[in-house]
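Engineer: Single-letter residue listing:
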Amino acid sequence: MEREEQLFRLQTAVSSRTGNVVLLSGEAGSGKTSILSLLKEGLDHRYRVLSAACEPVGVPAGFAPLFDILDELPPTVRSDVKGGSGRTAVQAGVLEMLRSDRLVLILEDIHWADEATLGLIRYLGRRIESTMSCLIVTYRTEELPLNPVLALVVADLGPSANRVELPPLTLAGVEQLARGVAVDPARVYAVTLGNPFFVGEVIANPDSVVPKSVGDAVQARVGLLSDMARELIYMAAISRDFVPIELAEELGRDASEHLDIAVQRGLLVATPQNFSCRHDLIRESLLDSAPPTVKRGIHRRLLAFYEGRVGHNSDIARLAYHAIGAGDESAALRYSLRAAEDASASGAHRQSAFHLANALEYRELLDRTSLRRILLDAAKEHLLVNAFRRATEMASARVRLAEGPEEEAAARAWVSYFICRENDLAGARSEAEAALVTLRRGPGSEELAIAAYVLAWIELHEGRFGEAISLSDWSSGLAEEVGSVSVEVHALAAGGLARVQAGDLGGLEVLERAVRIGLEHESVEAASYALVYRAAAAWILGRLDEARTLIWKAVDYTMERELDAWYVASIAMMADLDVATGRWAEADANLERVIGQRTCKSTEIQITRAAATLRLRRGDPGALELVDETLIKADDYGGYDELVPACLLAMEAAWVGVMELDKVAPRFDALAEVLELNGDRVGRSRLSFWARRLGLPTPTQSIAHGDQAEAAALEADRFERLGMPVEEAISRAMVAQPDLEGVVSALLRMGAAGVVRGLRRELQRGGVRNIPRGERPTTREHPGGLTERQVEVLGLITAGSSNAEIADRLFISEKTVSHHVSAILAKLNVTTRLQAAALANESGWFRALVAK
Amino acid sequence: MPRYLVERAFSEDADVPYRFWSIERFIEVISCNSDRRVTWIHSYISADRPSVFDLVEAPSPEAVRLTARSNGLPVDRIIEVTTFDPYPYRMLTGPGQ
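In order, the protein sequences belong to chains A and B.
Letter by letter, the first sequence follows residues 0 to 851 in numbering that gives the first Met the number 0.
Letter by letter, the second sequence follows residues 0 to 96 in numbering that gives the first Met the number 0.
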């Protein structure tokens with residue numbers, strides 16, 4: 000039934016010899032579970048299938064779906080999952096399991112997955128190639144835009160995963176299903192829009208009036224049920240999981256008969272041990288329609304039942320959910336706090352934040368000291384999951400609770416920290432200064448160190464490096480004294496970067512120390528911060544390769560630990576570096592991962608700026624809009640660290656000719672003065688490069704004409720060493736007897752049509768005529784849609800090379816080769832490399848290409 | 000959604016490829032486009048050069064480039080365009096008239 004192609008693709012993926020991931024998606028009711036049942040039926044004994052599903056339990060416990068298949072897991076993994084011990088152990092254990100067997104691991108409904116499970120999927124997705132197993136994950140298409148973490152996971156898996164989408168049925172499909180049933184297929188199609196579940200509902204009840212929605216279809220069935228049967232279906236809906244059969248029996252002796260009726264009506268499914276809703280759409284529509292008093296009663300019943308049988312920690316989250324639903328305030332508070340504690344210990348920050356926020360709904364039950372502590376914990380957890388505003392609100396609530404000036408000052412120090420993470424320079428400064436005035440009269444404390452660090456951070460971002468260094472040294476000393484690792488690492492990193500920017504290479508050592516301490520103590524937030532700052536320092540020093548390696552390290556570290564804020568920041572930084580170094584295809588891919596993600600101000604500016612630069616240099620439309628957006632955002636933020644690059648971007652835009660020079664010149668004048676004042680050598684030289692392009696006055700000007708050509712030659716060599724191809728090309732065009740043809744061709748090969756336009760304008764202003772058009776790069780269309788690299792690989796396959804030999808020849812890893820080989824086989828629609836080679840030899844078209 | 004004219008230049012000795020593509024290849028390209036909400040409306044094939052000009056609807060120039068890369072197609076220039084029809088009677092019967 001219009002699912003043959005999808006089923007075939009699933010079967011192909013499962014039977015492939017290299018491990019792979021399948022993303023199976025479709026709207027609710029599109030038949031994801033049904034097609035998987037068909038797939039499972041068709042598999043023979045060589046495959047072991049493990050199926051687990053995620054449930055919509057508020058925020059679920061860590062690795063929730065693995066509890067479904069607990070008995071099938073190897074004993075060590077089982078105890079790691081149950082014991083709530085570190086995620087790394089569980090991840091490695093599951094991977095090992097995939098390696099040792101030919102497994103089909105199915106995780107359904109991952110739009111409801113907890114972070115630990117999403118982390119596991121990401122982890123497995125990146126390593127699955129080394130196994131013979133297949134990981135199939137399903138999700139609802141409509142949930143993707145609502146769930147940024149899921150979107151990140153899907154984007155991450157994207158390039159290598161097989162995507163199988165289940166579209167709605169066509170009219171022809173509905174006609175096929177409705178054959179022999181007395182309904183008008185066209186009307187059914189019009190109402191259901193081809194949603195297979197809904198179509199099934201309507202066709203199953205041909206006598207009733209065609210319902211307007213799935214909900215109506217479900218309600219029509221519920222209406223005919225007895226009170227007890229209704230209680231049972233609501234119980235299944237509210238439990239959001241399998242309900243043990245004992246609970247039904249508690250309702251009365253004839254409960255099983257009523258259960259049977261609900262099963263016959265197609266609302267529930269039951270086994271001898273438990274029962275649940277037949278479909279998630281049924282569950283959702285029941286939850287919408289259940290009367291509040293009934294809901295409360297069922298929650299109370301479920302709470303009482305599960306309280307008696309707490310085993311593993313996923314039960315605590317369940318107890319919290321039912322306690323909240325039952326309106327039992329003290330239980331709700333107690334269980335929410337315990338669930339938060341468990342979640343935090345296993346690194347599940349989103350869950351922890353969720354449970355703490357729930358607990359705070361019952362704040363009247365808490366004494367002042369506990370409330371202050373919980374508010375701070377909650378604020379920290381919210382910060383880790385990128386909820387800056389909520390974190391600041393919670394920290395501010397502590398200020399209102401403070402008794403006495405010292406307590407108030409300490410609370411305000413924390414507020415300044417949260418505001419500074421949000422990148423609000425002015426707001427953070429006023430809080431930190433207020434805190435500092437009071438706190439410095441007392442003994443050294445963590446809060447005093449925080450206030451000092453926040454001020455150091457502000458000085459750093461406003462370009463006053465000397466002040467930043469002395470404040471951060473003070474802060475890190477205090478933090479070490481009072482034993483606060485996190486603050487010490489933050490302060491060291493800020494101090495280190497400030498030193499580097501002021502031209503002191505000793506700053507690198509300080510940064511290394513910050514990274515080391517952060518990693519050693521698993522102080523994850525601080526360690527990510529230090530890693531990102533260390534990478535930034537390498538970049539400022541012009542060590543771009545080193546910066547790239549360091550950023551990858553930060554990407555890996557933050558990804559494995561689910562630190563979304565820092566993950567997005569590292570990818571954004573990578574995209575920015577890709578743009579600067581001419582790796583534009585990579586930049587496209589990295590920008591796609593982070594555009595639209597929630598993040599702090601400066602990262603957001605970095606993303607927009609990188610995208611703007613890319614459009615400008617390629618001569619793509621819409622560059623001016625992005626340049627304007629960058630300038631507006633940078634002005635709003637006001638930090639010097641973003642104002643300088645924003646000004647460089649505006650100058651480049653004026654050079655290319657998409658922006659008016661009059662709009663750029665005042666910005667440049669103002670900034671040049673600040674740079675001079677701060678003694679920022681690096682910033683000054685970057686600014687003067689573009690100022691010379693535009694004929695704006697620079698401090699280093701007034702050199703004779705001949706010397707300028709010589710300086711350009713030196714500059715070109717410097718940019719070549721740095722690995723900045725655009726600036727290099729421009730400088731090469733300014734030497735004494737430039738090879739303009741070569742420069743223009745090189746730029747066009749890179750795809751830098753915009754830069755060529757700018758260069759042509761500058762040369763024409765200087766009186767150069769007959770500027771060459773350059774040789775337009777032409778790309779060949781390869782047979783079967785193979786990429787350049789894949790054609791090379793195919794050529795070597797045809798010559799009989801093994802993967803190892805190919806890897807050697809092309810300087811790529813064997814893993815990458817095997818990836819290319821499977822892509823080639825898929826594109827040429829053959830199953831073996833021999834067939835691929837034969838095909839390449841047979842066709843004359845191929846021969847011409849391979850010979851090349 | 001904005002429309003773009005995308006110039007794709009192929010090498011001198013190759014024919015413009017669309018003409019000898021298989022149906023599967025078209026389906027592959029179209030489904031790959033749809034992943035990033037890119038719609039290929041139609042193409043103008045140059046009479047004397049191995050170039051094509053594709054009219055596409057796409058959320059951004061980046062989406063055009065990313066899909067081109069996945070499809071193994073070149074991109075030489077992207078120009079944002081709007082449609083104008085030189086039919087005077089439309090001006091007379093347009094909105095507000």
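Incorrect hints may appear among the rest.
[Claimed, not checked] Restraint-style ranges between C-beta atoms, simulated for each label pair: (1) A:K552 <-> B:T81: 23 to 31 Å; (2) B:S21 <-> A:A189: 33 to 41 Å; (3) A:G595 <-> B:S30: 52 to 60 Å; (4) B:S10 <-> A:S129: 31 to 39 Å; (5) A:D661 <-> B:S30: 43 to 51 Å; (6) B:I78 <-> A:E519: 29 to 37 Å; (7) A:L676 <-> B:S30: 32 to 40 Å; (8) A:R126 <-> B:S30: 38 to 46 Å; (9) B:S10 <-> A:I68: 51 to 59 Å.
[Stated by the list, open to error] Not everything, but these chain B residues come out facing chain A in the computed CB check (under 10 Å): (10) P1; (11) E27; (12) D34; (13) T38; (14) A46; (15) V74; (16) D75; (17) I77; (18) I78.
[As the list claims (entries may be wrong)] A few chain B positions that, by computed beta-carbon distances, are all more than 12 Å from chain A: (19) Y3; (20) D47; (21) D84.
Simulated from the structure, these hints should not be mistaken for lab results.
We treat Cβ as the ideally placed atom computed from N, Cα and C, and that holds for glycine.
Engineer: Give a verdict on every hint.
Structural biologist: Hints, verified against the model:
Under the hint 23 to 31 Å, the C-beta atoms of K552 (chain A) and T81 (chain B), about 46 Å apart, miss the expected range. At roughly 36 Å, the beta carbons of S21 (chain B) and A189 (chain A) sit within the given window of 33 to 41 Å. As the Cβ distance of G595 (chain A) to S30 (chain B) is approximately 23 Å, the hint placing it in 52 to 60 Å is violated. Distance hint for S10 (chain B) and S129 (chain A): a CB-CB separation of about 38 Å, consistent with the stated range 31 to 39 Å.
At about 48 Å, the beta-carbon gap between D661 (chain A) and S30 (chain B) stays in the expected band of 43 to 51 Å. Checked against the hint of 29 to 37 Å, the C-beta distance between I78 (chain B) and E519 (chain A) comes to roughly 54 Å, which is inconsistent with it. Between L676 (chain A) and S30 (chain B) the C-beta distance comes to about 57 Å, which lies outside the given range of 32 to 40 Å. Taken as a hint, the range 38 to 46 Å is violated for the pair R126 (chain A) and S30 (chain B), whose Cβ atoms sit roughly 27 Å apart.
Taking the beta carbon of each, S10 (chain B) and I68 (chain A) are about 53 Å apart, inside 51 to 59 Å as hinted. For P1 (chain B), the shortest C-beta to C-beta distance to chain A is roughly 8 Å, which falls under 10 Å, so the interface hint holds. Proximity of E27 (chain B) to chain A holds as hinted, the smallest CB-CB distance being about 7 Å (cut-off 10 Å). For D34 (chain B), the shortest C-beta to C-beta distance to chain A is roughly 7 Å, which falls under 10 Å, so the interface hint holds.
Checking T38 (chain B) against chain A by beta carbon gives a least distance of about 16 Å; that is not within 10 Å, so the hint is violated. Interface restraint check for A46 (chain B): the shortest CB-CB distance to chain A comes to about 17 Å, outside 10 Å, so the restraint is violated. For the restraint placing V74 (chain B) at the interface with chain A, the shortest Cβ-Cβ distance is roughly 8 Å, inside the 10 Å limit, so the hint holds. Against a cut-off of 10 Å between C-beta atoms, the interface hint on D75 (chain B) holds, since the closest Cβ of chain A lies about 7 Å away.
For I77 (chain B), the interface hint holds, the least distance from its beta-carbon to any beta-carbon of chain A being 5 Å, beneath 10 Å. About 6 Å separates the beta-carbon of I78 (chain B) from the nearest beta-carbon of chain A, less than 10 Å, and the hint is met. For Y3 (chain B), the condition that its CB be more than 12 Å from all CB atoms of chain A is violated, with the nearest at approximately 7 Å. Against the 12 Å criterion, D47 (chain B) stays outside the reach of chain A, whose nearest CB is about 15 Å from its own CB.
For D84 (chain B), the non-interface assignment is confirmed: its Cβ lies about 21 Å from the closest Cβ of chain A, beyond the 12 Å cut-off.
Hints 1, 3, 6, 7, 8, 13, 14, 19 from the earlier list are contradicted by this structure; the remaining hints agree with it.
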